[in-house]
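2 protein chains.
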Amino acid sequence: MTGNRWAGHIAVVGLGPVVEHGERPAKSVTGEEFEVAATVFREGHDAVSAAVVLTDPGGFEHQTAMTRVNAGLDAWSATVSADQPGLWSYRVQGWSDPYGTWHHDAVIKVGAGVDVALMLEEGARVLERAVAEVPRTKEQITALANAIVGLRDTAQPPESRLGAGVSAEVRAELAVRPLREYVTSSPEYRLLVERERALYGAWYELFPRSEGAHLDESTGRWRSGTFATAARRLDAVAAMGFDVVYLTPIHPIGVVNRKGRNNSLRAEPSDPGSPYAIGSSEGGHDAIHPDLGTFEDFDSFVGHARQLGLEIALDLALNCAPDHPWVTAHPDWFTTRADGSIAYAENPPKKYQDIYPLNFDNDPEGLYAEIRRIVRVWLDRGVTIFRVDNPHTKPLWLWERLIADVATEQPGTIWLAEAFTRPPMMHALAKVGFQQSYTYYAWRHTRDELQQYCAELAGSAAAYMRPNFWPTTHDILTPFMQHGGQEVWKMRAALAATLSPSYGIYAGYELMERAGRPGAEEQLDNEKYEYKDRRWAERDAAGTTLAPYLTTINEIRRAHPALHRLRNLRFHQADDENVMVFSKSRRLYDRDDVIVVVANLDPQHTRDTWIHLVMPDLGLDWHDRFVAHELITGQHWNWTQHNFVRVGPATEPVHIIHVGPEGITSPR
Amino acid sequence: MTGNRWAGHIAVVGLGPVVEHGERPAKSVTGEEFEVAATVFREGHDAVSAAVVLTDPGGFEHQTAMTRVNAGLDAWSATVSADQPGLWSYRVQGWSDPYGTWHHDAVIKVGAGVDVALMLEEGARVLERAVAEVPRTKEQITALANAIVGLRDTAQPPESRLGAGVSAEVRAELAVRPLREYVTSSPEYRLLVERERALYGAWYELFPRSEGAHLDESTGRWRSGTFATAARRLDAVAAMGFDVVYLTPIHPIGVVNRKGRNNSLRAEPSDPGSPYAIGSSEGGHDAIHPDLGTFEDFDSFVGHARQLGLEIALDLALNCAPDHPWVTAHPDWFTTRADGSIAYAENPPKKYQDIYPLNFDNDPEGLYAEIRRIVRVWLDRGVTIFRVDNPHTKPLWLWERLIADVATEQPGTIWLAEAFTRPPMMHALAKVGFQQSYTYYAWRHTRDELQQYCAELAGSAAAYMRPNFWPTTHDILTPFMQHGGQEVWKMRAALAATLSPSYGIYAGYELMERAGRPGAEEQLDNEKYEYKDRRWAERDAAGTTLAPYLTTINEIRRAHPALHRLRNLRFHQADDENVMVFSKSRRLYDRDDVIVVVANLDPQHTRDTWIHLVMPDLGLDWHDRFVAHELITGQHWNWTQHNFVRVGPATEPVHIIHVGPEGITSPR
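So the protein lines, in turn, are chains A and B. Using the numbering used here, count along the first sequence one by one with no gaps and you end on 678. Using the numbering used here, count along the second sequence one by one with no gaps and you end on 678.
Simulated from the structure, these hints should not be mistaken for lab results. Here the structure is a predicted model, which means the values were calculated and not measured. Note that CB positions come from ideal geometry on N, CA and C, so glycine has one too.
Listing some non-contacts, in silico: residues in chain B with all C-beta distances to chain A over 12 Å:
no. : residue
1   : 45
2   : 96
3   : 144
4   : 164
5   : 185
6   : 228
7   : 271
8   : 298
9   : 313
10  : 320
11  : 391
12  : 416
13  : 486
14  : 631
15  : 642
BS3-like, lysine-lysine: derived pairs with alpha carbons at most 27 Å apart:
no. : chain 1 : residue 1 : chain 2 : residue 2
16  : A       : 360       : B       : 119
17  : B       : 360       : A       : 119
18  : A       : 119       : B       : 361
The following block holds chain A by itself, in its conformation from the complex (with noise of 0.2 Å):
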């Protein structure tokens, strides 16, 4: 990692993005943009220069000059994507530059009067070494040939002379093939690049047996729902435009210490339990729940998702029942207490006694070996990704080596860290090798409490840590979402749908069920103790859930290629401080994509108020105008630096503005 980087003339110190000081790849999706920043100087007041060199995993260098983006602090910057899957790694180029040193003195001294003709001689000798040092076509020779001939023509007046050694062409030619000396490498940092979900999809949650679930009438017992009856679901999951379907545990369920409906410490006979107390006498993580059917009642299910065009992401819990088949088969994977019971799980003084934590210390070869059996079980049967439950309860060295051997077996396997704790852990497991995290955004309500935190994700960590921004989830549900009403369940929606490439509902939230279990963060009558018949049909026809607005939202999330982005996240003004407006913008093909949301904090009230648009960051100039397409509701309106905008109740919560290119004007 020690370069010659202050050894060689130029220093190249200040790189970015290195995570860890370099232990981590930074990361990054195919084509994702991404900026290299630097520190780039020398010695004395030679001219330098810089470029970003990212190397493929082939091995083939590709190069891209660096612009000095602050002088004063000697800041370089690029903006690099790589285009390809795999282990690249960058580093930055700085050099001093012989002609740019010419060019600057050149210009000072011939204009005045200065040196004129030893000048002009010392120009055309520089172009006569970036002739003889630089592989050019003969066309690129012959321009600089001219220039040389120029500079030393003595018939012409010397600001002629000048003229041919500084023209546009001859600039330009040196800008792309430079004559370099004193090259000077930073260190070499790996960037890991991962196929495009691992940044941008939409998910929906599902536990497969409420899927056709239903209570019969005569009996008063449930029935549980099936692979098969879960996959007539899909349809509509696919429509609405969902990208990845996650699955809660599909194993068999403890019956020792089974909890009961809404987490009661005994469960009736008719209870299914959690199905994250998992494994019974019917098989463990590598077994499917009877109820559920077999595995080629599984293999359709995920054949039937892949028509449709999506993913399964599989729940992995690594915790017990007391009934799990590993309990007996090896008790040295669980934790031995002074009485020679085996540990539950507990939170002191509260216990769970229906759940056995693993122990990774006594027989990590063993316990490894056995998980990542089960994980090729899935792999082998159609499973790309892994949303792991509390991954932050299991030693970082398990993620760190499951998720780097899965790679190289099944590469483009993508793993989601459920993890909401302390900030370095989450850091951590995104760091080790988790895609995906879960965040903090079901809790982040007011504009500076989800500025400052989208700032840190879209900022610093986006080189490393890809959010998954979930309104709700089967374990959450806020009181912001519990008495907000639809407004809210909009506006939170499509908030993490615009802020994150990667966010996800869980069913139910086209149904806006708020009840929540008293003095809880949590949904009244949670389905992981119960079946949930949610009647999709009858409630479609009705017409009042929200699977129209979610469809618009995926529709527009896919059609704009900026949304698939995160990064290029920033935030503009808004007079009133419940109003949130941020863009996102994207180059592609040539083309601009941009879009503008405008979104309203507050569900109780429609809010009026002046927005001010930084209008460089939507590759516009100050004073330009611009036609906003609002993509919701489909509007126009006129707009400048400064709009005047209704959001809320009496409109919509949320605007999703297109800013198309056809539709700038600019007063000069």
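Chain B: place on chain A using the hints.
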């Protein structure tokens, strides 16, 4: 550098100070307290703990327990220091703390009557491990053994048994000699420890030829001062309390293109020339200007300085007059232009034809060997410090190599970088080895400017850069100093001397020589181009000099170890934005030295204002009262958190206040 920081159970990340990702050492001086920070955490809910391990140059390890300073961010910190110069290293160890885990759970569960017998037995087993696994004295073992018996004493009520396991004695023993599991180390980072003068010292700059120079009225010509006459001035410099005398170059001065008074292009025959245009037929950088005397005279001068406790800093200005011996002996050490001439210094269109800059590219080894040789000449004559002129115009590799090279032969040599350039080069010079740096202090006047700049210097930069604050130099006389009057000369010296552990003044500061060359931030009649006979005796007799004030300031500095440090700088509030308040405190041999400085930054007006002290920064409680001893005037005031002060022309511009522990009274 890639540790097993994730592979172990414990994540130990986010260490500070780490310079350039660990490629450069962090720095301190002997006995300098500094904070080591780290983020330390593990999966799940078990307790962790952490320590800093400093390894001294002999390989001996010094361990300091860290404190969790922010539980929500898993942030740990410890204040450490190194007690001898040399190359140390440091790392942070994190570990799982079984006793801490048990202690946390047992207090809750026994208190709630949950698992009581089991928890008490598990406590006894943890302490059995603590006895078996960690070396302890007999008494230490007895303390734990008693606790084990107490935990198992079923005759006692559970609260008593728990009490035996969590007694203050047991906790103290486990804090000092913890039972540690899964000990995980951060990477090891280098720490370069240098002698204290690298951080702390008062400097006095003089031109030796001026000290004792006088105009011979009969001939109208000047007689140069000599080492012999200059040596007499050393007594006064020492009496004022300075630690270092910095001499501008003492070598022969070029005759070709010599500059005259006020930088004029034509020198009169009697003009002495600039000592920075080094070299003539009389010799170069290894020679002494014949007017100053011989090497023996220099030795006497150095010897006298040493008797007075003064170190000698010599100017190292690596540029040459056209008649420097190197120009004919080694033309390849300079740049030859297209017309065959040797390039002089220029900043187009300005020319500096009395100076040829060195070219380090043609014969780097030859030139390096010569520079190394001349440096050795002066080190061998008793010079211990080099003040390097314009190091930012020479390659970084030169300084990196030279400073490291000299350190092996003459450890303790100090190098001060006189660079006034863009921040990245200023920082890079410190990182490649300069022990001290000139700063932007002379151009920071407002409270915001000073506080922001000092927060950077005393904060992140303090791990590798040490400031030396100069209110003026022979090249810098800002308009603020030209027009501010006596108030500003006192204020800027006192601020420099208290904000920064190293500060310096240029001869004549006592006399407030403030006539500026029109249109320049520079002295009129710059001493670089002429002799100055300052008639010290007359001025001192007249009693109008700042010498007594500077003496007081230096006495206060020497008496107060808090002022010998940089990283302990803390700013406080004042209602008037022209009043700046800061403190420094330091614990030494179990005694706290606490200094508060209150400065009026406005030299024109006396300011009356409330100031508000952050009492914990003074080692006090918020409601404490204390006696403030003003050290310049000898006044005493009764102070609390909020105090009314008067500073400025009507009194003193700067108060330096000692917070004596004897003066503290607490209302409780």
